[in-house]
Amino acid sequence: MAHAYTPGLKVLESTSVKKERRLPLKGEVLVDKGADVVPEKIVARTHLPGNVQMVNVANLLNVDAQDVPEFMLIDLGKNILKGDLLAETKGLFGLFKSEVKSPVDGILESVSKVTGQVVIREAPIPVEIDAYMNGNVSEVMDKEGVVISSNGVFIQGIFGMGGENRGDLRVLVDNREEELTEKMISNDMKGCVIVGGSHISLNTYKKAISVGVAAVVVGGFNYHDLEDILGYTLGVAITGSEEIGTSLIITEGYGKIPMGARSFDILKKYDGNFTSVNGATQIRAGVIRPEIVIPFNDVDDLDSIVMNSEGGITEGSLVRVIRSPYFGHIGTVTSLPHELQKMESETMVRVAEVKIDNQDFVIPRANLEMVETS
Amino acid sequence: MKKLQSILATDCGSTTTKAILIEFIDGEYRLRFRGEAPTTVEAPFEDVTRGVLNAVMEVEELSSRKLLEGEKIITPHKDNEGVDIYVSTSSAGGGLQMMVAGVVKSMSGESAERAALGAGSIVMDVLASNDGRKPHEKITRIRQLRPDMILLSGGIDGGTTKHVVELAEILKAANPQPRLGSDYKLPVIYAGNNKARDEISKTLGEQTDLTIVENIRPILERENLNPSRDKIHDLFMEHVMQQAPGYNKLMSWTDAPIMPTPGAVGSLIEMIAEEENISVVGVDIGGATTDIFSVFQNQFNRTVSANLGMSYSICNVLAEASLKNVLRWVPLDMDEKELTNRIGNKMIRPTTVPQSMEELKIEQAIAREALRLSFIQHKSFAVNLKGVQKERTISDAFEQSDSGLSLVNMMELDLLVGSGGVLSHAPRREQSARMLIDSFLPEGITQLAVDSIFMMPQLGVLANIDQKDLAESARKAALEVFNKDCLIRLGTCVAPVGKANVGDEILSVTLAMQDGSEKQVILHQGELLAIPAEYEPINATLNPAKGMDVGAGKNEQINTTVYGGVIGLVFDGRGRPFNLPVENDKRISSLNIWSNAMNEYPDEIK
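These protein sequence lines map, in sequence, to chains P and Y.
My numbering puts the first sequence at residues 11 to 384.
My numbering puts the second sequence at residues 51 to 656.
Chain Y on its own, in the form it takes in the complex (with noise of 0.2 Å):
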């Protein structure tokens, strides 16, 4: 096994491109420098090269070390000059759309859904037999939404094939050329019924570039995503970024394949999920786009909110979320038509930053319901299988439990990681804590951490790489990194679930610190309260009031550890469901009772 000294690893973003170096220093990896510089895939550049080369310069001159030799980064290693490796993700060029199709919209259309955006794409459009298009209205779709590639599915191994061979004859029909180049064929890759696959070449073998992988759905009851997963990533270097201004020349630099932004972040997620045993949600909100990866019961999930972000698409948030929930967030009487124009004008205009108070905290009430929503529709989606036939027994029948239900349990979550720039540079991390409550809403006990810079796409690739002799030094350089240099760990939040009125008690805590002091807590229905705690092991004993559950079920006492984090410990007593206060006067004053205990914002401009 080979091992690292150092690694340069860029994003290469829509908008920037980031580059980092971690070196191995003292026995253990860190991330040294970070640079980054505007992308350049679009005129008149048009090569994706020069971004990248001015980020690396960026961290040359950080770290006085030397990492290009002309246009050239210079590997592996050697005393002060150079790296061992080079990897990169990439979202530019709106990085890779798909468009998917199953025969039955909610199993096999589904779970090509789950492929796709598993794989990091952005998922165009679901095609489904019986998703109520006429197959004219189908073929208009396919040829307005020019995809990247096209994922074909539907039947269970055996199955009847007329269905999914129906799909492939409209796609045929509609001859979908690909977004990017018009000398190449469009790759479609299909994972449906094996019976099938004669039929299916001879409809598509010719017009487009058909490859042919496991079924997606061999079985109703068992999903295959990973050879799909596999083949899109493989598509997406040979095709899609083949095409893209550049990428050939970056492909001939990296050391392992350039994987999609998305698709790197969220194998990063669910390794975390996986070396720690844990329930995890991970959120990265942009310009454009909020993406939200999670992991329940082993099972991986990630979702895109395709116009939900802050800058791109934030009056989006304003007309998905309506005006006033938007407004419910912000501890101000603002005029409406004011408020409007200014969020237009952050939609016209998305560089610009909040120079007042008022300006961001308008920010962050938009940012709470673009969060929110986001994460709608993710529990909608990250469900169990649908279809399955379930034995049942009496007692299931009382429950009435059923496939498809969302895999989401808050009350399971262990550790809500936050992403993006609203929540990595807000000026306070209290700040980045309360969004993260207050749109996700988690229940009993729940971790909270952000990005600190946004590395968890290199950190992602890094991870990722397949090489044996490098593959295991690069999976802990990006462990090590993401636990020592990117995660920020703000806290824990506990919050207790159940009916109780305003004042009631809810909850007794005794926390035992490291320091040998012991404190109590009492918290109230209504009442948020932050203790300060370092990130260090606490035990904790939870005392819930009657009919209060904070994790082991109604009236159930808890002894466990927590842990605190640069925010520390969040007791929110504002209940589940959380409501604000109707009438105005009494909403403003909440609001800025609970921004006073968490010390959100400066004494003199509270």
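So that you can see chain P by itself, here it is in the shape it has in the complex (with noise of 0.2 Å):
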């Protein structure tokens, strides 16, 4: 039987969950490994090396750069405090004398003689990274983060804006093709990660942000509705470290499109449910997806739950159409013929054909996308 690969967002009602958790800098784990962890629990932590302050003394006290040191009135690697004095000229007999005050709390780190250039980095600054989602510790890296595992369900959408946020789940539409509206978001919601079906517009955001709403699932968006919360245009996939508050997971694409039916069946099933979620995006090499998971509490025995598996189209399997014409149909593969086919656009490409409501349709297989069906 013919088989194609096609890209394919994972929506997976029961998997294991791995997230890695990495410090930017080797610092210090604080778990074991073994260890069951609650979202806001700090797994690891580290301390980013200060900011650096440069203070030109040879300009500030009008001495050469090679006198700067005979100048200085704190010692290298000594503390120093804001408004402290940092260097200073003898005068003429005690009087007219030049000097210049640290502008910040910090080490003397170098003085040079070349430049008259004097170093001043303040104290480090602590990072600190949380477990993210309810789970257990199944790898420690050494000096460098850990790996939280769970059971849950795992569903990525296809864009996203703001970082990781949590909270609980609630399905506020009846189905998929409903519009999220405005007079749906109530302040109960507040914290909560709150759930669409076809679209969200530009107030209906605003409105969830100045909730406090956790975050936003949702099919669609508008393109151009992004610049008014980001402030400016949007011109690469590249998001996660906006701050907006409220995070938002498009699952489908720009436009009014139909949450697709397995992602919704799933995360009404799972109403009510703690949920966490990340908008971070990068669509370049590397490819980061926003995501939901959904951690199980009852289910202790990792290996117990099958791992769906991501499988390419055959004959017979159900595909959404991602690219126009047919952008958001969802049809039947009823053929992968071998040969290049020409399109309208005179483009020869490698084909599927679809059977989409009784009809046939020949749809590139690049612009088409597998929805998982178990």
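Quick caveat, the hints were computed from the structure, so don't treat them as lab data.
Every value quoted in this text rests on a predicted model; they were computed, and no experiment measured them.
Quick list of simulated restraints, FRET-style, between CB atoms:
| id | chain 1 | residue 1 | chain 2 | residue 2 | range |
| --- | --- | --- | --- | --- | --- |
| 1 | Y | Ser639 | P | Asp178 | 57 to 63 Å |
| 2 | Y | Pro627 | P | Thr344 | 49 to 55 Å |
| 3 | Y | Asp635 | P | Val372 | 33 to 39 Å |
| 4 | P | Glu356 | Y | Gln564 | 28 to 34 Å |
| 5 | P | Asp184 | Y | Leu112 | 53 to 59 Å |
| 6 | P | Arg55 | Y | Glu111 | 50 to 56 Å |
Just so it is clear, CB atoms sit at the ideal spot from N, CA and C, and this is done for glycine as well.
Got two chains here, separate frames each, mind docking them using the hints?
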């Protein structure tokens, strides 16, 4: 049987979810292998080197750079407080002295005889990493971080904004075609992960932000509304660090597109469960898609859950079209011809024959996405 | 000298690894087979050689020639097995990412940037003493970026050392960590004032892996880029590649050092310009970036427009060019919200292809703007050395000629080469020609070509083999394959420059064709004409109308030889500068007339 690999987002109802929690620099791991953790648990921490302030003492004292060391009042490696005297000239008979005060609290790191620059390093900046989701520490990377494992739901979106967030899942619509509206969002949804159907408008999303919703999961959003939220035009899909409070995960794409049936059904099934989400998206080599994780509380045996495998398209596969002119339609693959075929655009491509609503269509394989059914 | 019979070359791109097999048959080198496979730098494979083996296996299957013994490329060639040499380029894992620093941004800063770009790297930022940022801002920036390598320059030899040492102190305070691998020191190349070398060593010697090379700008009037470029290549191999997954193994397989992909393409463009003594512009438009290479007045320049591409950064083209500028190329009335959502969806699903003619036209409209913007960036970077004192005569004073003028002169341009998916794989070559003409707006007489299957990287590394016994044969192979299999000659564009009213006659041409026939062409302002002609010499007499210039000056006749190609000769009377009609109806009508003239789209859906 013909077979083709297509991109597909993971929509898995029960799988083993592993999340690496790694420090930006080596530091200290605070949990042991095998420990159970909650999302807020700090699992590793380190200190980034403090900020650096450079002060050109030679210029400020109006002396030669090579003479700067003799005017310094603080020794290398010693602490200094903001406003303390850092360097001073002797003046004339003790009068007309010039002085330089430290602009920050820190440690005197270096004094240059060539440039007259003095470097003061501020206190190290602490960095902590939490567990992100309920689970178990399955691996400890010495001085670098841990891997948290859990069994649960794992759903990838196509695009997201905002970083990690978590809260109780609240499905606010009856079906996957229904649009999420302002009226559906109330104050008691503060800190929740809310789910809509086909679309969320800019105003509704702003309402979610104002209420303090942790995250919104929905089928589609208008591309041009992103600018209003981000304050700039999103040119490249690299997100995650924006401070917007309410993360957004769209599962299908830009525009009004019903959420995939399988994603919607799973989210509906686990309505009310504690959920961790991450809107961070990076569509480049090393692709990162936004994710929704709903860890199970009552399953301990990691091996008892079988990981769904990603497969390719075969005849009979259920697929979704991911580009115009049939964008968003779902159909069944009836044939995967081997030969290249000419499209209306005259582009020669590998195609799939797909039955959509009892009509046959020929669609480039590159424009199809597998809809996982098991 | 060793005569090469067969050559295997790969290019490990960020998404695909491409392999080509070149063989010496019937007295000439030709491309025989090509294979490709997904690049495997990232999880779950994390070993670049897997993708290389998969691509080579495809070549093996197509050629029915055994190339692999287990997981090893068989060398040398023997009977119907193996190849004589194997070479590779790489841009996987984000390519080579550098930060450069110079004392004066427009002088040593720019020279350092030129050296880094010429070596094939992406320049993440240019630090300079006069860039307006405070030291702590520079330090924060260096820490954020985590480059693979830093090139530090500044000062002429024997000049003042203070400023360049100050930059070194900033680098030291920032203590930058390399992007890949946490256990090695960041490579820093110092290519500045030779008098400051001791101080630079004292400042950076312990904390970084410091290498000192000749000054990039020993005197104001001269740039000396090669020592820095060569050192960047060496360090790319020694450090950056060592950290990338699987590259140690790949390096042990290749018969010549692995080159960064854009470095290889650039060197090939440079070589073509040198061999034929012509001015060349080459462009590679990819999913994320657009690279432009040029050689004018024997000076090579390369720029990378990091976020102007056709998939990953397609929305950035929209943001930078504006929707209005993209839409002006679309011969349809479109709802703006619908269009932006469509383009957004291409960004988040970058591997999709245009199925309908409407989708294709939208993509090609965006490509025109991406190319146009990239070329604007290139023209502002490819300039004469700044800061050079020139003796000026009284006539110069009237011309206002100065340092820092762009080297790019479209009237002087001889050959424009396009590559990258949207140009190389356009369903009709006429579409590639139109995209090149509309976005680069060549003036006078310019040959057009596209890279058939994007094999310039592999040919570039082949042309750069240093080993004495292989160099000549490898270079010959690279040039022959480039001319016979890589370059598709589209034809020649003739575009008069000057002021005229729409409908005025601006050029009359007499063409003496190879079959002995003669053709007359009359070009009017606003017209675009295509005359079919093979890639063979055609004697042309070009008579520009009053006030028009086609290369020899206003009103000057030209007798020259032009070449056709798969499109033929294109006469572009749409004016330079080129402006589309403002009224929507007229704009759409003009676009359709020009498309018809070039036979760009099929009849039924024009």
